[in-house]
Amino acid sequence: MSVGLLILTHNSIGQTLYDTAIAVIGSASLPTRILVASMDCDTDEILEQVRVALQKLNTGDGVLILTDMYGATPSNIASELLNPERVLVSGINLPMLVRVMNYPDL
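In the numbering used here, the protein residues as written are 1 to 106.
By construction, these hints were calculated from the structure, which means they are not laboratory data.
Owing to the predicted nature of the structure, the values given are computational and were not obtained by experimental measurement.
Just to be clear, a hint being listed does not mean it is correct.
As the list claims (entries may be wrong) - Straight-line distance between alpha carbons at most 20 Å, and here's what the computed EDC-like set of lysine to aspartate or glutamate pairs gives:
hint : residue 1 : residue 2
1    : Lys56     : Glu80
2    : Lys56     : Asp40
3    : Lys56     : Glu45
4    : Lys56     : Glu85
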């Protein structure tokens, strides 16, 4: 088992960071899902997508949720679904993502 990784950001930020991290480290060792919450999104629809992704990603060790900006829509949506098996960290950046992906046991 391993921790699941959910990246929830505005527009293509999450996908771009993920693609760049893969280019740096070569492969992904964590089960990962990337979702987009644009500024004009239907928050109820995104909330349901996040709920489904969290259920699929949690294989027993929990899920790390990375969002782009504290207090913005992606972070607020994720915070509604937090529990002891889910950790939310805002302010995703490339070094953070590379570290998470390169050291999945930390």
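Hints that the structure is at odds with (numbers, increasing)
Number 2 only.
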